[in-house]
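K.L.:
Sequence:
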Amino acid sequence: MKRKSLKIVIIVLTIIMMSSTLGFAETDIGQINANKFGIWTLIPPLVAIVLAFITKNVVVSLFIGILSGSFILNISGSSVHFALVNAFLDVVNRAVGSLADPWNAGIILQVLAIGGVINLVAKMGGAKAIAEGLSRRAKTAKSTQLITWFAGLLVFFDDYANSLIIGPMMRPVADKMKISRERLAFIIDATAAPIAGLAIVSTWIGLEVGLIGDAFNGIGIKADAFGVFLNTIPYRFYNILILAFIVITTLLLKDFGPMRKAEIRARQGKSLDSEIAIDSVNDHSDLEPKEGVKLSIWNAIIPIGTLIVAALIAFYYSGYSSIMSGEDASLIQLLSDSPLSFVSIREAFSASDASVALFQSALLASIVAIVMAVSQKIFTVSEAIEVWVDGMKTLVITGVILICAWSLSSVIKELGTAKYLIKLLSGSFPPFLLPSLIFVLGAIISFSTGTAYGTMGILMPLAVPLANSINPDMSFIVVSTSAVLTGAIFGDHCSPISDTTILSSMGAGCNHIDHVRTQMPYALFTALITVVFGYIPAGLGIPVYIVLPLAIVAVFIGVQIFGRKVDIVEECV
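This note's numbering applies: residue 30 is where the sequence shown begins, and numbers increase by one.
Since the hints were derived computationally from the structure, they do not count as laboratory data. Do not take every clue at face value.
Below, computed lysine-lysine pairings styled on PhoX-like, alpha-carbon distance capped at 20 Å [to be verified]:
| id | residue 1 | residue 2 |
| --- | --- | --- |
| 1 | K594 | K251 |
| 2 | K290 | K319 |
| 3 | K283 | K594 |
| 4 | K168 | K323 |
| 5 | K323 | K406 |
| 6 | K251 | K205 |
| 7 | K290 | K207 |
| 8 | K319 | K207 |
| 9 | K319 | K205 |
| 10 | K323 | K594 |
| 11 | K171 | K290 |
| 12 | K422 | K319 |
| 13 | K205 | K168 |
| 14 | K283 | K171 |
| 15 | K406 | K319 |
| 16 | K594 | K207 |
| 17 | K171 | K205 |
With beta-carbon atoms standing in for the labels, derived distance ranges [stated by the list, open to error]:
| id | residue 1 | residue 2 | range |
| --- | --- | --- | --- |
| 18 | I330 | H110 | 47 to 53 Å |
| 19 | K323 | K205 | 31 to 37 Å |
| 20 | I590 | V425 | 44 to 50 Å |
| 21 | T409 | V338 | 52 to 58 Å |
| 22 | P501 | I590 | 39 to 45 Å |
| 23 | D357 | F117 | 33 to 39 Å |
| 24 | L557 | Q405 | 23 to 29 Å |
| 25 | V425 | P501 | 19 to 25 Å |
| 26 | F458 | I250 | 19 to 25 Å |
| 27 | K422 | Y574 | 19 to 25 Å |
| 28 | V89 | I330 | 53 to 59 Å |
| 29 | P501 | Y574 | 18 to 24 Å |
| 30 | I590 | V89 | 21 to 27 Å |
| 31 | P460 | F117 | 55 to 61 Å |
This one's a predicted model, so the numbers in the text were calculated from it and none came from an experiment. C-beta atoms are modelled at their ideal positions from N, C-alpha and C, and glycine is treated no differently.
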């Protein structure tokens with residue numbers, strides 16, 4: 030019965046969320062199809078969302094969602110069998126068309142290239158060297174937790190790498206300082222996806238920028254997708270607040286709920302029978318350095334530093350070239366007179382082609398990493414390239430999800446799903462609640478499927494047009510866009526079937542269910558503050574420089590109210 034109720038909630042929330050959207054001319058194909066198919070235009074997004082919840086397989090769900098939309102477009106005047114064949118062919122054409130687009134191709138290439146860089150850095154021992162160096166500075170329970178948090182920030186480029194590198198490195202130190210495995214797993218998990226989702230150079234950036242760019246193209250707005258991504262960062266309330274929560278609870282040494290009991294038990298030197306043996310977590314050796322390699326932090330600093338610096342230069346050069354070859358005389362004059370001023374750099378970044386710039390920087394970083402590996406005789410050239418390609422393989426699924434998401438977006442646009450819902454349900458809820466509703470729905474889907482990627486792919490093509498229809502002000506659209514990204518990460522953070530949740534448990538040597546049980550109250554507490562002190566005020570138009578500090582203060586006050594000290598030995602009750 031619970032499962033059925035959750036399905037109904039998802040369907041109802043989805044219909045409410047999509048109650049108004051795109052603003053195309055009345056004669057466009059979307060408007061024609063919206064009038065023609067009516068309520069059937071809701072089928073593709075609903076099929077994708079409900080199937081994602083039931084099957085927990087986002088690729089299958091997206092594919093069937095696309096197929097259902099193509100079937101509706103082809104059913105008129107045809108037999109069912111013929112329409113189904115045409116629908117399948119249409120899905121293939123949409124996938125090929127998505128991949129053929131230069132922007133989309135650049136996004137996928139840079140995702141794969143960054144995956145290769147990360148694998149090289151890991152196999153060269155760079156990431157492990159940084160983690161070990163930090164672990165040696167941990168002298169108390171408080172400093173150990175802060176260093177674990179800081180190490181999580183440094184491994185910003187990939188959530189899997191974060192979970193698999195930081196956990197095994199900090200676990201012996203945490204045990205020595207009598208920090209519970211549950212608390213360690215929470216810190217690792219909360220600095221994995223939340224950090225990777227915020228970073229301007231990571232394995233997530235391609236997916237996020239790609240979906241944003243496609244969604245804005247869908248509503249006819251010419252916007253720099255990377256610029257929009259940067260603008261969403263201050264509004265990623267859950268990501269920022271969960272990081273602040275770790276620091277606040279660590280400095281105060283206060284915890285609450287099941288986590289407090291776990292911390293008291295650890296302070297007393299007790300352990301659970303359900304804790305994983307240390308040896309059992311070493312099975313995940315994908316990101317372990319090559320055997321016998323001499324660890325050096327430079328094997329991480331130089332390639333990742335190259336990636337970041339090259340990305341910044343590539344963004345500027347791409348935007349500079351675009352402006353100088355354009356027709357905007359004022360911008361050309363600005364860049365000619367003061368090419369390195371803050372305003373010039375901002376304009377250049379806004380005009381850049383993010384997909385090409387990121388691929389250029391990732392490719393250069395790959396070459397640097399390969400040269401370093403070969404010069405140190407860690408790998409031969411052939412071996413280094415093989416390691417690079419192996420790193421790409423782990424991110425092929427990201428490319429598949431992106432292609433499916435782009436294809437679903439094109440079906441929804443052609444069917445006129447949003448047009449139909451504008452007419453049907455316009456004005457059904459206060460506009461300021463939209464970011465909060467998007468955040469909640471994103472959390473439900475992500476929690477149920479265990480994937481933030483798939484959730485973003487399903488919701489982005491719906492949320493951006495919806496926000497534009499309700500309030501075309503760019504700041505409102507940016508807030509709603511951030512709610513998609515943040516809601517997906519919150520649900521992924523809580524989900525017991527999420528890859529990062531599982532890997533965080535393994536990395537910390539913590540029983541998986543204990544990790545989920547102890548971290549859930551913290552995630553829900555932060556999510557509640559995210560909605561009440563974040564997205565509702567932001568939806569009302571209150572500036573983020575007021576909203577974000579107040580939300581952090583709310584986290585601090587909440588910890589003071591609900592948390593209790595655990596730096597003394599107490600009886601666990």
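K.L.:
Indicate, hint by hint, whether the structure satisfies it.
P.N.:
Right, here's what the structure says about each hint:
1. K594 / K251: Between K594 and K251 the Cα gap is close to 52 Å, so the pair fails against 20 Å, i.e. violated.
2. K290 / K319: violated, 39 Å
3. K283 / K594: Measuring from Cα to Cα gives roughly 4 Å; hence the hint holds.
4. K168 / K323: Violated, at roughly 25 Å.
5. K323 / K406: Holds: K323 and K406 sit about 11 Å apart, inside 20 Å.
6. K251 / K205: Measuring from Cα to Cα gives roughly 55 Å; hence the hint is violated.
7. K290 / K207: Judged against 20 Å, a Cα distance of about 13 Å means the pair holds.
8. K319 / K207: violated, 31 Å
9. K319 / K205: violated, 27 Å
10. K323 / K594: violated, 42 Å
11. K171 / K290: holds, 17 Å
12. K422 / K319: Holds, at roughly 18 Å.
13. K205 / K168: holds, 10 Å
14. K283 / K171: The given pair, whose Cα atoms are some 11 Å apart, holds under the 20 Å limit.
15. K406 / K319: Since the Cα atoms of K406 and K319 sit roughly 12 Å apart, the hinted pair holds (cutoff 20 Å).
16. K594 / K207: Distance ~15 Å between K594 and K207 Cα, so the pair holds.
17. K171 / K205: At roughly 12 Å apart (the allowed maximum being 20 Å), K205 and K171 satisfy the hint.
18. I330 / H110: 47 to 53 Å: violated, 60 Å
19. K323 / K205: 31 to 37 Å: The hinted range 31 to 37 Å is violated for K323 and K205, with Cβ atoms some 25 Å apart.
20. I590 / V425: 44 to 50 Å: The hint (44 to 50 Å, Cβ to Cβ) holds, given that I590 and V425 are roughly 46 Å apart.
21. T409 / V338: 52 to 58 Å: violated, 28 Å
22. P501 / I590: 39 to 45 Å: Holds, since P501 and I590 (Cβ atoms, about 40 Å apart) stay within the stated range.
23. D357 / F117: 33 to 39 Å: Violated: the Cβ-Cβ distance is about 45 Å, outside 33 to 39 Å.
24. L557 / Q405: 23 to 29 Å: Once the Cβ atoms are compared, 50 Å apart, the range 23 to 29 Å for Q405 and L557 is violated.
25. V425 / P501: 19 to 25 Å: The hint (19 to 25 Å, Cβ to Cβ) is violated, given that V425 and P501 are roughly 37 Å apart.
26. F458 / I250: 19 to 25 Å: holds, 23 Å
27. K422 / Y574: 19 to 25 Å: violated, 42 Å
28. V89 / I330: 53 to 59 Å: Given range 53 to 59 Å: violated, Cβ gap about 41 Å.
29. P501 / Y574: 18 to 24 Å: About 23 Å separates the Cβ atoms of P501 and Y574, which means 18 to 24 Å holds.
30. I590 / V89: 21 to 27 Å: violated, 44 Å
31. P460 / F117: 55 to 61 Å: violated, 39 Å
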